[in-house]
Amino acid sequence: MATTPKRKRGTTRADNQASSDDLLKYYREMLLIRRFEEKAGQLYGMGLIGGFCHLYIGQEAVVVGMQAAVTGDDGVITSYRDHGHMLACGMDPAGVMAELTGREGGYSRGKGGSMHMFSKEKNFYGGHGIVGGQVPLGTGIAFNYKYRGQDRVCLTYLGDGAVNQGQVYESFNMAALWKLPVVYCIENNQYAMGTSAQRHSASPDLYQRGAAYGIPGEQVDGMDVLAVKEAGERAVAHCREGKGPYILELKTYRYRGHSMSDPAKYRTKDELDKMRKEHDPIDMVKKLLIDGNIIDEAGLKDIDKDVKAEVAKAAEFAQNSPEPDVSELFTDILIDA
Amino acid sequence: MPIEVLMPALSPTMTEGTLAKWTVKEGDTVASGDVIAEIETDKATMEVEAVDEGTIGKIVIAEGTENVAVNAVIAYILEEDEDASALDNVSASSAPKAEAAPAEAKEEEKAPASSASAAPVAASGAIERAEQDPRAMSVMNATQDEKTYTSFKTQTVREALRDAMAEEMRTDENVYVMGEEVAQYQGAYKVTQGLLDEFGDRRVVDTPITEYGFTGMATGAAFMGLKPVVEFMTFNFAMQAIDHIINSAAKTLYMSGGQLGCPIVFRGPNGAAARVGAQHSQCYASWYAHCPGLKVIAPWSAADAKGLLKAAIRDPNPVVFLENEILYGQSFEVPDDDDFVLPIGQAKIEREGTDVTIVAFSIMVGKALKAAEQLAEQGISAEVINLRTIRPLDVNTIVRSVMKTNRLVTCEEGWHFAGIGAEIASVIMEHAFDYLDAPVARVTGEDVPMPYAANLEVLALPQEQHIVDAAKAVCYR
Numbered sequence: 001m002a003t004t005p006k007r008k009r010g011t012t013r014a015d016n017q018a019s020s021d022d023l024l025k026y027y028r029e030m031l032l033i034r035r036f037e038e039k040a041g042q043l044y045g046m047g048l049i050g051g052f053c054h055l056y057i058g059q060e061a062v063v064v065g066m067q068a069a070v071t072g073d074d075g076v077i078t079s080y081r082d083h084g085h086m087l088a089c090g091m092d093p094a095g096v097m098a099e100l101t102g103r104e105g106g107y108s109r110g111k112g113g114s115m116h117m118f119s120k121e122k123n124f125y126g127g128h129g130i131v132g133g134q135v136p137l138g139t140g141i142a143f144n145y146k147y148r149g150q151d152r153v154c155l156t157y158l159g160d161g162a163v164n165q166g167q168v169y170e171s172f173n174m175a176a177l178w179k180l181p182v183v184y185c186i187e188n189n190q191y192a193m194g195t196s197a198q199r200h201s202a203s204p205d206l207y208q209r210g211a212a213y214g215i216p217g218e219q220v221d222g223m224d225v226l227a228v229k230e231a232g233e234r235a236v237a238h239c240r241e242g243k244g245p246y247i248l249e250l251k252t253y254r255y256r257g258h259s260m261s262d263p264a265k266y267r268t269k270d271e272l273d274k275m276r277k278e279h280d281p282i283d284m285v286k287k288l289l290i291d292g293n294i295i296d297e298a299g300l301k302d303i304d305k306d307v308k309a310e311v312a313k314a315a316e317f318a319q320n321s322p323e324p325d326v327s328e329l330f331t332d333i334l335i336d337a
Numbered sequence: 001m002p003i004e005v006l007m008p009a010l011s012p013t014m015t016e017g018t019l020a021k022w023t024v025k026e027g028d029t030v031a032s033g034d035v036i037a038e039i040e041t042d043k044a045t046m047e048v049e050a051v052d053e054g055t056i057g058k059i060v061i062a063e064g065t066e067n068v069a070v071n072a073v074i075a076y077i078l079e080e081d082e083d084a085s086a087l088d089n090v091s092a093s094s095a096p097k098a099e100a101a102p103a104e105a106k107e108e109e110k111a112p113a114s115s116a117s118a119a120p121v122a123a124s125g126a127i128e129r130a131e132q133d134p135r136a137m138s139v140m141n142a143t144q145d146e147k148t149y150t151s152f153k154t155q156t157v158r159e160a161l162r163d164a165m166a167e168e169m170r171t172d173e174n175v176y177v178m179g180e181e182v183a184q185y186q187g188a189y190k191v192t193q194g195l196l197d198e199f200g201d202r203r204v205v206d207t208p209i210t211e212y213g214f215t216g217m218a219t220g221a222a223f224m225g226l227k228p229v230v231e232f233m234t235f236n237f238a239m240q241a242i243d244h245i246i247n248s249a250a251k252t253l254y255m256s257g258g259q260l261g262c263p264i265v266f267r268g269p270n271g272a273a274a275r276v277g278a279q280h281s282q283c284y285a286s287w288y289a290h291c292p293g294l295k296v297i298a299p300w301s302a303a304d305a306k307g308l309l310k311a312a313i314r315d316p317n318p319v320v321f322l323e324n325e326i327l328y329g330q331s332f333e334v335p336d337d338d339d340f341v342l343p344i345g346q347a348k349i350e351r352e353g354t355d356v357t358i359v360a361f362s363i364m365v366g367k368a369l370k371a372a373e374q375l376a377e378q379g380i381s382a383e384v385i386n387l388r389t390i391r392p393l394d395v396n397t398i399v400r401s402v403m404k405t406n407r408l409v410t411c412e413e414g415w416h417f418a419g420i421g422a423e424i425a426s427v428i429m430e431h432a433f434d435y436l437d438a439p440v441a442r443v444t445g446e447d448v449p450m451p452y453a454a455n456l457e458v459l460a461l462p463q464e465q466h467i468v469d470a471a472k473a474v475c476y477r
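Line order of the protein sequences matches chains A and B.
If you use UniProt numbering, the first sequence corresponds to residues 1 to 337, in order.
If you use UniProt numbering, the second sequence corresponds to residues 1 to 477, in order.
Isolated chain A (complex conformation):
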């Protein structure tokens, strides 16, 4: 594989890459994230979820495509827009939703919230609230894999806002220097909160941000789950061959505001409508499924119902699970030595 910044791939369509079963799987996983997030938005509106709540609607193809490129043994770490990553890692939607409502049944027993959830079992390492903070942490997870001689890769997600943090480049440098198995997945949803990429980045090509360190990078259509999977496989293979880190810039779009309280006035309605109508990641797979005669409308409706029922169950659990016992206030501060 070539060295420094690589091809810019607007569309890396790979129609024959996925089997029917794979396509159905991606469809269901993306739909689960979308329905989950819509429900989370609704519960937030009802006052059942507090604080910050950053929804992933629109970006589903990124995480579903990347998970299709790794095994369950590989690690995943991300920022605070993390619900989709957890569901894609196979974490229980009920446990995630119950954390959002701050209840005992949540992954962190209500002590983490929307931005701070973890599952050692699923190799998901958070859920971090300081923009860019997860990047050295994920690089450290990769350091650990190499130290132990394990054939594992850490997918380290960051947004287009985080790419301007200094610690990201400190991490790039050490990951390249020590050839650590880490894929930096830059989810470029084009807005760092309310500041568009044109206004926050001197160079718009974020896949080139590792150029100074010789880290190969490519730009991928992050609304196309198959393109993401294909690029993800290239990146992961690079890491597994011992060649060090790889950067993927996944061009995507969030339909909602930065967080629930963001009315997103910094972009036009036309821009959003165009993305939703022409580039929706779920519609794209839906079309492949219908056009390929893999499933009919009725079959899709069954999947939809099934997903809705799963989300409804999660929401019910999240509302009925009790708040953590008050004794929890003082637990998990230190491990008894």
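Bear in mind the hints are in silico, worked out from the structure with no lab data behind them.
Since the structure is predicted, the reported quantities are computational estimates derived from the model, not experimental observations.
Even glycine gets a Cβ: it sits at the ideal position worked out from N, Cα and C.
Please note that the accuracy of each hint is not assured.
To be verified - If we take Cβ atoms under 7 angstroms as the criterion, some of the chain B residues that face chain A in the derived model are:
| no. | residue |
| --- | --- |
| 1 | Pro-12 |
| 2 | Thr-15 |
| 3 | Thr-18 |
| 4 | Ala-20 |
| 5 | Val-24 |
| 6 | Tyr-212 |
| 7 | Gly-213 |
| 8 | Gly-216 |
| 9 | Gly-220 |
| 10 | Ala-221 |
| 11 | Asn-247 |
| 12 | Leu-253 |
| 13 | Pro-316 |
Unchecked claim - Stretch by stretch, here's where chain B covers chain A in the computed footprint (C-beta under 8 angstroms, at least three residues):
| no. | region |
| --- | --- |
| 14 | 33-44 |
| 15 | 103-113 |
| 16 | 120-129 |
Since the structure of chain A is already known, use the hints to place chain B on it.
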């Protein structure tokens, strides 16, 4: 049953808003994600999306209505197999059903007793209460006597630190050392001398000058069960990395509900060296001691350094280990025993006395002991406590001593405002107020950035004479 569309909150503090506009009308079909209305508060305008699909059966709140309560029903959506008759039962009581969210409605629950609610303490039972002090939390066997050793060797603090790391690296493959100049250069202050030769560059890792990055990396590795010993060339540079020390290392166990521990040691010289100016001369003890989720150690002697660094490496929690450059070359007696480990959270009475208690840590312990000699010549018997650990604090030992001497002087190089001395004064006020015969005196660095000029630097730092003067003052001598 038709689906209720409720007035959403834009933020946890919003209680009502204006239903500015409907973008659908009764009879329209909607799908998940379709915008159906716009709402306004004084801060923002937001779109309301349908979460379910179906037909708009009834619009309950007309557009333009102000002060619509959060969670009031604003419309009904009919599901696929429903018609308008399904609305007969529900629309009668379409008045705002402003049910407050459970979190807000619930009365303040009574939290278990914490330091914030500590009641005033009467004279009796001071020791019992001191043992319960949350500052001392997790001190195991706080009154346990230090094991006695018969064989000793003379070592510098520098050698003791190196031996502690080497011994732990020999017994635990997961322990590794990382930092600037720790390997080939043998340590900027030669603390890691010889480690590269013995353990190789996999376990003794030279980093670029990139504190924020390598501290985050080591923290991530510690989440996975490795036990990094991160050397900061000085703690002044850890300012670049304090985000990961606090936000990542100290808080993740709590945020993960106990899933992700962080067995890591952050070590290096802290406080003033000699003539290195303001940016290289700060004491960070009170900065780190402020934070739950961290342990903070500040050794004085070589025995402290060895026994406590071994304990820190074995500890499953993040430990901030504050050394002192001036002490590196000083020699002390160290137990000659590979199993020599000191308990974290336990202070040591370095000199017994009856008239005044002097509490110190790190380099100030030496100055306090010298001050005690001077005081003895003047007929004042001073008890000198070497804190060794700042957090958790050995409240018990300090309280017992003050109950005996009735007077207390605290010493630290750092600034006085919100310093360690302030915390200890508070401990004594809470637990031994009635035993005090004089107000607590604090000996600290002067409230200025460290000057470079030799004469000014001496004036900025707390000296032996300040301790003597403070001790005499609290003894009214």
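Against the structure, the hints come out as follows:
Hint status for B:Pro-12: holds, given a least beta-carbon distance of 5 angstroms to chain A, under 7 angstroms. At about 9 angstroms, the closest approach between the beta carbon of B:Thr-15 and any beta carbon in chain A exceeds 7 angstroms, and the interface hint on this residue is violated. Restraint check, B:Thr-18 versus chain A: the minimum CB separation of about 14 angstroms is more than 7 angstroms; hint violated. The interface hint given for B:Ala-20 is violated, since its Cβ lies 12 angstroms from the closest Cβ of chain A, which is over the 7 angstroms cut-off.
The beta carbon of B:Val-24 comes no nearer than 16 angstroms to any beta carbon in chain A, farther than 7 angstroms, and the hint placing it at the interface is violated. Satisfaction of the interface hint for B:Tyr-212 is found here, the shortest Cβ-Cβ separation to chain A being roughly 5 angstroms, below the 7 angstroms cut-off. Checking B:Gly-213 against chain A by beta carbon gives a least distance of about 3 angstroms; that is within 7 angstroms, so the hint holds. At its closest, the beta carbon of B:Gly-216 sits 3 angstroms from a beta carbon of chain A; the interface hint therefore holds under the 7 angstroms criterion.
The criterion of a C-beta within 7 angstroms of any C-beta in chain A is met by B:Gly-220, whose closest approach is roughly 2 angstroms, and the hint holds. Because the smallest distance between the Cβ of B:Ala-221 and any Cβ of chain A comes to about 4 angstroms, under 7 angstroms, the interface hint for this residue holds. Nearest Cβ of chain A to the Cβ of B:Asn-247: about 5 angstroms, under the 7 angstroms cut. The hint holds. A cut of 7 angstroms between beta carbons decides the hint on B:Leu-253: the least distance to chain A is about 5 angstroms, and the hint holds.
Residue-level restraint check for B:Pro-316 holds (minimum Cβ-Cβ distance to chain A is 4 angstroms; threshold 7 angstroms). Check result for the region 33-44 of chain A against chain B: holds, 7 residues qualifying (beta carbon to beta carbon below 8 angstroms, three or more required). Restraint check on the region 103-113 of chain A versus chain B: 7 residues with Cβ-Cβ distances below 8 angstroms, three needed, restraint holds. Only when three residues or more bring their CB closer than 8 angstroms to a CB of chain B does the claim for the region 120-129 of chain A stand; here the count is 6, and the claim holds.
Taken one by one, the earlier hints fail for this structure at numbers 2, 3, 4 and 5, listed in ascending order.
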